[in-house]
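To convert, note that position 80 of the sequence shown is 80 in our numbering; the numbers rise steadily by one, no gaps.
Hint data in this document are derived by calculation from the structure and do not stem from the laboratory.
Do not rely on the hints blindly, as some may be mistaken.
[Claimed, not checked] Within a straight-line C-alpha distance of at most 30 Å, the following computed DSBU-like cross-link-like pairs (lysine-lysine) qualify:
#	residue 1	residue 2
1	Lys224	Lys202
2	Lys27	Lys174
3	Lys129	Lys64
4	Lys64	Lys138
5	Lys138	Lys50
6	Lys123	Lys64
7	Lys224	Lys50
8	Lys107	Lys64
9	Lys203	Lys27
10	Lys224	Lys174
11	Lys174	Lys203
12	Lys50	Lys129
[Claimed, not checked] Restraint-style ranges between C-beta atoms, simulated for each label pair:
#	residue 1	residue 2	range
13	Asn193	Arg136	19 to 27 Å
14	Lys203	Val126	32 to 40 Å
15	Met164	Asn189	24 to 32 Å
16	Leu103	Lys174	44 to 52 Å
17	Arg121	Lys202	36 to 44 Å
18	Lys27	Gly171	18 to 26 Å
19	Gln33	Arg150	21 to 29 Å
Keep in mind the model is a prediction, meaning the values are calculated, not measured.
From the three backbone atoms N, C-alpha and C, an ideal C-beta is built for every residue, glycine too.
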Amino acid sequence: MKTLKFILNKSIPLFIIVMTISCASKKDVVYFQDASNYETIVNEDVFVTKFKIDDLISIFVSGKTPEAGRPFNLYRGEQVGGNTGGQVDYLVDMEGMIDFPILGRLKVVGLSPNELRNDLREKLEVYIKDPIINIRLKNFEVTINGEVNRPGTYRVNGERINIMEALGLAGDLKIKGRRDNVLIMRDFNGTRNYIRIDLTSKKAVNSPGFYLTQNDIVYVEPNKSAINSSNQDSRAGIIVSIASVLITSTVLLITRN
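Let's have the full structure, built from the sequences with the hints guiding it.
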């Protein structure tokens, strides 16, 4: 019986150690924990996408007739039958400019799509009555790495996306992803910014990183549980093996008695 008592005294602590290696508490995995029921938060920082260097922009000009806007649209050349090829997009150069037909070089960096639309409309009204201008950012992508279920680069349809929507594209965070210190790496015209955001707090919606910009990189680091699990994998294997031996020995002793 002393042997049985000794085995039980040794095996129970080992089980506790194995079970706690990968445990995560509620405060580590729940989003927006401090948000109250029916609570309303006014977001005063309304995010608007701004054009950056190396952006690819689609601009299509039209008027009351198809011919009215044709001189202001770039195409890849004439095809058989007089039809035009695909439309050419505009690349924002290192000076933040694009070369626009007839109007010449235009500074677009730092402008929102709506600001550029208004600027073009004012300039084009000299040539076209009531011009219609469609603008689309063609290279809006975000990259999500780290402790998410589907890391990768994702194309964004539209002019903005928030970090929760972006993480949804990546299949959300893994249970061992750290939610209170998500890193956003943002490049704006040669300046690299690092923004950390706590997704466990409702204050995250007012962070400058809540809405992502084109080509942002989001990195989710592992939490302490994941790090401990990585460091203790070999030890955990040994513990499990010892526990297995102790359990087998216990069963044999009980059977013999």
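We went through each hint and held it up to the structure:
1. Lys224 to Lys202: holds (22 Å)
2. Lys27 to Lys174: holds (15 Å)
3. Lys129 to Lys64: holds (8 Å)
4. Lys64 to Lys138: holds (26 Å)
5. Lys138 to Lys50: holds (13 Å)
6. Lys123 to Lys64: holds (17 Å)
7. Lys224 to Lys50: Given that 30 Å is the threshold and the Cα spacing comes to 37 Å, the pair is violated.
8. Lys107 to Lys64: holds (27 Å)
9. Lys203 to Lys27: OK: Lys203 and Lys27 at ~16 Å, within 30 Å.
10. Lys224 to Lys174: holds (13 Å)
11. Lys174 to Lys203: holds (22 Å)
12. Lys50 to Lys129: Between Lys50 and Lys129 the Cα gap is close to 27 Å, so the pair holds against 30 Å.
13. Asn193 to Arg136: 19 to 27 Å: Since Asn193 and Arg136 have Cβ atoms about 25 Å apart, the given range 19 to 27 Å holds.
14. Lys203 to Val126: 32 to 40 Å: Since the Cβ atoms of Lys203 and Val126 sit about 48 Å apart, the hinted range of 32 to 40 Å is violated.
15. Met164 to Asn189: 24 to 32 Å: With a Cβ separation near 27 Å, Met164 and Asn189 satisfy 24 to 32 Å, so the hint holds.
16. Leu103 to Lys174: 44 to 52 Å: Holds, since Leu103 and Lys174 (Cβ atoms, about 50 Å apart) stay within the stated range.
17. Arg121 to Lys202: 36 to 44 Å: Since the Cβ atoms of Arg121 and Lys202 sit about 39 Å apart, the hinted range of 36 to 44 Å holds.
18. Lys27 to Gly171: 18 to 26 Å: Once the Cβ atoms are compared, 22 Å apart, the range 18 to 26 Å for Gly171 and Lys27 holds.
19. Gln33 to Arg150: 21 to 29 Å: holds (25 Å)
In the structure shown, a violation is registered for the earlier hints numbered 7, 14, in ascending order.
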